[in-house]
Amino acid sequence: MIFGAAVAAFPFYWMITTSFKDFGEAAKSPPLLWPTSWHPENWVEAWQYPHTLWANAFANTIFIATLTTVGELTTSVLAGYAFARMRFRGRSILFALLLATLFIPTEATIIPNFVLMSRRYLGWYDTYTAQIVPFLVSVFSIFLLRQFFLAVPQELHDAARIDGAGHLRFLWSVGLPLVRPALVTVSLLTFLNSWNAFLWPLIITSRPEIRPIQVMLVQFTTEGGSRYHLLMAGAAFVILPTLAIYLIAQRYFIEGVARTGIRG
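Numbering (my numbering), first residue to last: 1 to 264.
By construction, these hints were calculated from the structure, which means they are not laboratory data. It cannot be assumed that every hint is accurate.
Unchecked claim - Computed beta-carbon distance windows for the label pairs: (1) F63 to L199: 35 to 41 Å; (2) E155 to T242: 38 to 44 Å; (3) H167 to E45: 20 to 26 Å; (4) L202 to R120: 17 to 23 Å; (5) L199 to F88: 34 to 40 Å; (6) L199 to A249: 42 to 48 Å; (7) R91 to L156: 19 to 25 Å.
To be verified - Simulated pairs of lysine to any residue, SDA-like, Cα-Cα distance not exceeding 20 Å: (8) K28 to P201; (9) K28 to T17; (10) K28 to W38; (11) K28 to L178; (12) K28 to T221; (13) K28 to P50; (14) K28 to F10; (15) K28 to F220; (16) K28 to A6; (17) K28 to Y13; (18) K28 to L53; (19) K28 to P40; (20) K28 to H39; (21) K28 to W47; (22) K28 to Q48.
Computed from a predicted model, the values in this text were never measured in an experiment. Heads up, the beta-carbon is just placed ideally off N, CA and C, and yes, glycines get one too.
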């Protein structure tokens with residue numbers, strides 16, 4: 001277990017130590033596990049690096065990730081509850097079809113989605129909308145919340161219906177408080193996925209002023225090679241906020257993972 005934890009933590013250790021090396025040490029082969037001299041000015045240089053627009057990129061990423069998280073959480077709660085508690089024709093078939101889409105590789109949908117977002121159809125290319133709307137629905141999140149809603153005792157649902165509560169009232173007053181760990185888990189996973197998005201924003205945008213933070217890391221790779229010490233400092237800028245969010249919400253996240261049996 002200790003060995004596994006060390007292996008998992010090594011990339012983070014490598015990122016932090018490399019961010020304090022000079023250019024020569026960062027590119028040296030075989031690599032140095034510890035800097036011979038520390039260069040904290042790398043972080044300042046990375047922040048001020050030309051064309052990175054860090055402050056603007058942070059604002060874009062927070063805006064995109066927040067709207068994506070709120071939207072996906074809303075659709076997942078409503079759909080998950082419907083599949084768990086509501087009876088309608090074709091429910092099982094529709095749910096099976098949704099689960100089948102999980103087997104479609106994300107890479108297989110990039111070109112169709114790009115064509116759909118292009119100026120010829122929706123006209124959303126190079127907009128915030130194109131970075132948010134495709135991720136407002138997640139089959140995995142729907143499945144996860146459905147499993148939690150199924151675990152809510154049927155007696156509570158029956159008692160609420162006898163008292164005159166409809167589906168929305170039961171969902172808001174009883175269902176959501178009981179599945180709070182799942183809500184935190186879905187919110188955290190969605191926010192992290194949106195925060196870490198790289199390929200889709202790189203493809204669907206061209207203006208630096210609307211691009212998220214991950215795409216800014218490309219600026220450290222030029223025709224002459226990569227400036228690894230600055231790249232690692234930039235990566236630290238990206239990772240540290242999400243690490244803080246995880247540490248704050250880890251109690252609910254771990255509880256949600258334990259109750260659903262998610263495996264990494």
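The hints, checked one at a time:
In this structure the hint that F63 and L199 lie 35 to 41 Å apart at CB is violated, the actual value being about 19 Å. For E155 paired with T242, a C-beta distance near 40 Å keeps the hint of 38 to 44 Å intact. A beta carbon spacing of about 56 Å between H167 and E45 contradicts the range 20 to 26 Å that was offered as a hint. Checking the proposed 17 to 23 Å range against L202 and R120 shows it holds: the Cβ atoms sit about 20 Å from each other.
About 37 Å separates the C-beta atoms of L199 and F88, a value consistent with the hinted range of 34 to 40 Å. Taken as a hint, the range 42 to 48 Å is violated for the pair L199 and A249, whose Cβ atoms sit roughly 26 Å apart. Between R91 and L156, the C-beta spacing of about 21 Å keeps the proposed range 19 to 25 Å intact. As the CA atoms of K28 and P201 are separated by approximately 32 Å, the hinted pair breaks the 20 Å bound.
Distance restraint check for K28 and T17: the Cα-Cα separation of roughly 14 Å lies within the 20 Å cut-off, and the hinted pair is therefore satisfied. Between the alpha carbons of K28 and W38 the distance comes to roughly 15 Å, so the proposed pair stays at or under 20 Å and holds. Distance check on the hinted pair: K28 and L178 sit about 53 Å apart at the alpha-carbon level, beyond 20 Å; violated. Simply put, K28 and T221 have alpha-carbon atoms about 17 Å apart, close enough for the 20 Å limit, and the pair holds.
Proposed proximity of K28 and P50 is contradicted: the alpha carbons are some 25 Å apart, above 20 Å. At roughly 18 Å between alpha-carbon atoms, K28 and F10 fall within 20 Å of each other, so this suggested pair holds. As the CA atoms of K28 and F220 are separated by approximately 17 Å, the hinted pair is consistent with the 20 Å bound. With a CA separation close to 23 Å, the supplied pair K28 and A6 exceeds the 20 Å bound.
This hinted pair checks out: K28 and Y13 have alpha carbons roughly 17 Å apart, not beyond 20 Å. Of the pairs offered as hints, the one joining K28 and L53 is violated, with about 29 Å between alpha carbons and a cut-off of 20 Å exceeded. For a cut-off of 20 Å, the pair hint linking K28 to P40 stands: about 19 Å separates their Cα positions. Straight-line distance between C-alpha atoms of K28 and H39 comes to about 16 Å, which keeps the hinted pair within the 20 Å bound.
The straight-line distance between the Cα atoms of K28 and W47 is roughly 23 Å, outside the 20 Å bound, and the hint therefore fails. Between K28 and Q48 the CA atoms are separated by roughly 25 Å; this puts the pair beyond 20 Å, and the hint is violated.
Figure legend: structure checked against the earlier numbered hints; hints not met, in rising order: 1, 3, 6, 8, 11, 13, 16, 18, 21 and 22.
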